[in-house]
Amino acid sequence: MDKKEFDMGPIDVAWCPGCGNFSILKILKDALADINVDPKNLVMVSGIGQAAKIPHYLKCNVFNGLHGRAIPPATGIKASNPGLTVIAESGDGDMYGEGGNHLLHAIRRNPDITVIVHNNMVYGLTKGQASPTSQAGFKTPVQVGGVFEEAFNPIALAIAMDCSFVARAFCGDAEQTGEILKKAVGHKGFSLVDVFQPCVSFNKTNTFQWFKERVYYLEGPLSREEAFKKSLENDKLPLGVFYVNDKRLVFEGQLSPYAENGDPLFRREPARTKLAELIKSKKE
Amino acid sequence: MSDLSIVLCGEAGQGIQTVERLLTRILKLSGYNVFATKEYMSRVRGGVNSTSIRVSSEPVSAYIDRIDILIPLTEKRTKHLERRISKKTLVLKENISTNMDAIGAVCGILKIEFKVIEDYIRYYFAKKGEKVISDNIAAAKKGYAYGGSLKYEIKIKPDKRVVEDLLINGAEAVGLGAIAGGCSFISAYPMSPSTGVLVFLSQHAKEFGIVAEQVEDEISAMNMALGAWYAGARALVSTSGGGFALMEEGLSLAGMLESPVVIHLAQRPGPATGLPTRTEQGDLNMALYSGHGEFPRIIFAPGSIEQAYELTQKAFNLADKYQIPVFVLTDQYLMDSYYNLPSLRSDLKIEKHIVKTGTGYKRYALTRDGISPRGIPGYGEGLVSADSDEHDELGHITEDLDLRDDMVDKRLKKLEAIEDEAVPPELIGPENYKILVVGWGSTYQMIKEAVAKLGRKDTAFLHFKQVYPLPEDTREYLGKADKVIMIENNATSQFGNLISLYTGFEIEDRILKYDGLPFSVEEITDGIKEIIKHG
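These protein sequence lines map, in sequence, to chains A and B. With our numbering, the residue at position 210 of the first sequence is 210, and numbering never jumps. With our numbering, the residue at position 119 of the second sequence is 119, and numbering never jumps.
Derived by calculation from the structure, the hints in this document are not laboratory data. Please note that a few of the clues may not be correct.
[What the hints assert, rightly or not] Keeping only pairs whose Cα atoms sit at most 35 Å apart, straight-line, the calculated DSBU-like set for lysine-lysine is:
#, chain 1, residue 1, chain 2, residue 2
1, A, Lys283, B, Lys88
2, A, Lys280, B, Lys410
3, B, Lys362, A, Lys282
4, B, Lys410, A, Lys282
5, B, Lys115, A, Lys282
6, B, Lys141, A, Lys282
7, B, Lys155, A, Lys280
8, A, Lys274, B, Lys160
9, A, Lys188, B, Lys141
10, B, Lys453, A, Lys280
11, A, Lys26, B, Lys362
12, B, Lys356, A, Lys26
13, B, Lys356, A, Lys4
14, A, Lys283, B, Lys349
15, A, Lys236, A, Lys212
16, A, Lys283, B, Lys206
17, B, Lys356, A, Lys282
18, A, Lys282, B, Lys131
19, B, Lys410, B, Lys352
20, B, Lys362, A, Lys127
21, B, Lys38, A, Lys274
22, B, Lys141, A, Lys280
Can you make the complete structure from the sequences, with help from the hints?
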């Protein structure tokens, strides 16, 4: 498919020059074109933040909801029309902080959606406070003495919860990140892709160079135990597909409306006769 | 006596619910008009709960204080139950130790044909095996003989037509109304007293093709429902005050996305956890003012089982038509009450407003009436962009402040048509009234019966089942009266204040109740008499 299919043409993009978001956007567009996703059939769902603006910058259906709340509508969309390709994409503050509970339960639920998290270890749009993935000692105008909380480890969490697809990428490597995204979107079930990304405006610690020096690729997917072990490494930072469990049942596949009929909900006609019968049954 | 009030009380876990279930069905199948409601504690075992059942020659549908026969399955009493016992109350203490004894005794008193009881026990316990059935029949027979021996004088006439009537409680009525409105999605978190609706729709999900999901929290419930509407489903959320508090952020999102959503909000007394299993009309203000920013909404407040059914159905049509949140505001009393009624309409029209999109589709096209045709992803050639930021016609983020004005105006413009089709209040009684009693929501049946009982030719009752936006003729109705009396199951007269805010009409006389119990007919008649006496 033509890679230009997802281009919006000349639009005003609200990201800082040099931001890793630009590369993620390009990688995503290329990946979607490579696997022939029809823009009309694609819904990009996001929350709020700089990363969460991404759906506005590629040509597709958009549901730009609330901060931390990308996953519930993405699940609702998939459950209402399983034929759609649904991607929820936001930043680390959105997905791991405000929306943490939704992430946990979506992993349990296992809808066939892809969750892409721009992980720059800092809050951008609110101008430089700590995020759940900020590392200990990271100083900000709010965390004046440096972050003392343990950094959130999305990969370890997802593997611990037997998430059906768990991967980590680095936006500095377009080729490998693209491959990972293609696998994630193609995977049937809930896919989590954590994407390392430098924030050029507010994170002077975890820079492009910083990531570059630490990342390396693992040969995945691994067994759950091995994957978990790898996810705990924090000196060097492994990238790639950590873990896949394709035996887990997919949420929308378990829903009774689709037991015998694959039509999206909006195409269905009301069951009037059954309603009359149900009302009648209340005689007893 | 042609109207008998029976109250059963017992500890949670003693089977009071089974008695209510069986007795009301047996009575109805014997041709008696029945009404039942319950009050209970927030616990699974112990405490004292009670069920009130009225049996009558005429249709009955309101809660009364009077107890003619009290059947206690426990020695314990609550103060609020004690207050209802008078010298005339027959207390059946002897010979009743199980719930089946109680059923038998009541049927014995009413001289119901034993075969009806036996048949129903067989039907009800069919899956439990012959031993359970015969034990229960034997117990009922023992109670029946005892009841018959009491020679209690009653003159209630059975009516054959009642046999074919329906028995539906408020929770089922909302659930059925949702199905009738084309509901295809419910996302909810269990919370008393709203849980019945989630349970009902989950149980019928397969039959009616409904996605029913118990979610991690109410935040998810609301946001998931909005995703569902976006993708073409017709979604309902069902909750109570505390749960709705978590939905407010999402409600505001519905306002900005111009997403339809139907919210069933079953009220219970707050603040905070309050009285989890009891009733109040305390969340009108919350429904009205919830969500940051300014956007239109509709609030229905059904007063009967029929209204709960029809208004919930209508809520789906209007939510879809105007792309707004529509509330169905109920409460514990309505959820847990039922009476026999002839039928519910199964032919109410499901109005769908989704359009097939064309190339260049604009989700937020500026139109004269403010309604932009709503497309959904995957249906047509267009792309659908819904955005929580202020947006342009295409649904993309904008900081063009002139466009901001246009979009705010567009969203609020819809209120005009919404107001035009507001459900009018129902006037019961003489049109040339001097005294007008006003109520909304679930107090309907009690006020109706109380005003009828007063029998004053100068007094009428005006009931609002749409409380926002106010129907246009509200001011006119109130202005015609010499005296207006507002009755509300809350402490601050939220609806009275709303009327004052929107019509400038001040209602001075108010009968308010906020102890967690519904109004009884007697409380309302006494309250009205008292106000009239003092001029």
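With the threshold set at 35 Å, check whether the alpha-carbon distance from Lys188 (chain A) to Lys141 (chain B) stays at or below it. violated, 60 Å
Just to be careful, I want the Cα atoms of Lys362 (chain B) and Lys127 (chain A) compared with a cutoff of 35 Å; is the pair within it? Satisfied, since the Cα-Cα distance of roughly 33 Å is no more than 35 Å.
Are the Cα positions of Lys356 (chain B) and Lys282 (chain A) separated by 35 Å at most? violated, 38 Å
Hey, Lys356 (chain B) versus Lys26 (chain A), does the alpha-carbon distance stay inside 35 Å? Holds: Lys356 (chain B) and Lys26 (chain A) sit about 30 Å apart, inside 35 Å.
Compare the distance between the alpha carbons of Lys283 (chain A) and Lys349 (chain B) with 35 Å, and conclude whether the hinted pair is satisfied. holds, 24 Å
When you check the alpha-carbon spacing of Lys141 (chain B) and Lys280 (chain A), does it fall within 35 Å? Roughly 30 Å between the alpha carbons, so the hint for Lys141 (chain B) and Lys280 (chain A) holds.
Taking only the CA atoms, is the gap from Lys356 (chain B) to Lys4 (chain A) under or equal to 35 Å? Distance of about 25 Å is within 35 Å: holds.
For the pair supplied as a hint, Lys236 (chain A) and Lys212 (chain A), is the alpha-carbon distance within the 35 Å limit? Holds: Lys236 (chain A) and Lys212 (chain A) sit about 10 Å apart, inside 35 Å.
Would the hint linking Lys362 (chain B) and Lys282 (chain A) be met if the CA-CA limit is 35 Å? Not satisfied, since the Cα-Cα distance of roughly 46 Å exceeds 35 Å.
Is the hinted pair Lys453 (chain B) and Lys280 (chain A) satisfied, with a Cα-Cα distance of at most 35 Å? holds, 33 Å
Is the hinted pair Lys280 (chain A) and Lys410 (chain B) satisfied, with a Cα-Cα distance of at most 35 Å? violated, 44 Å
Holds or violated: are the alpha carbons of Lys155 (chain B) and Lys280 (chain A) at most 35 Å from each other? holds, 30 Å
Consistency note: the structure conflicts with the earlier hints numbered 2, 3, 4, 9, 17.
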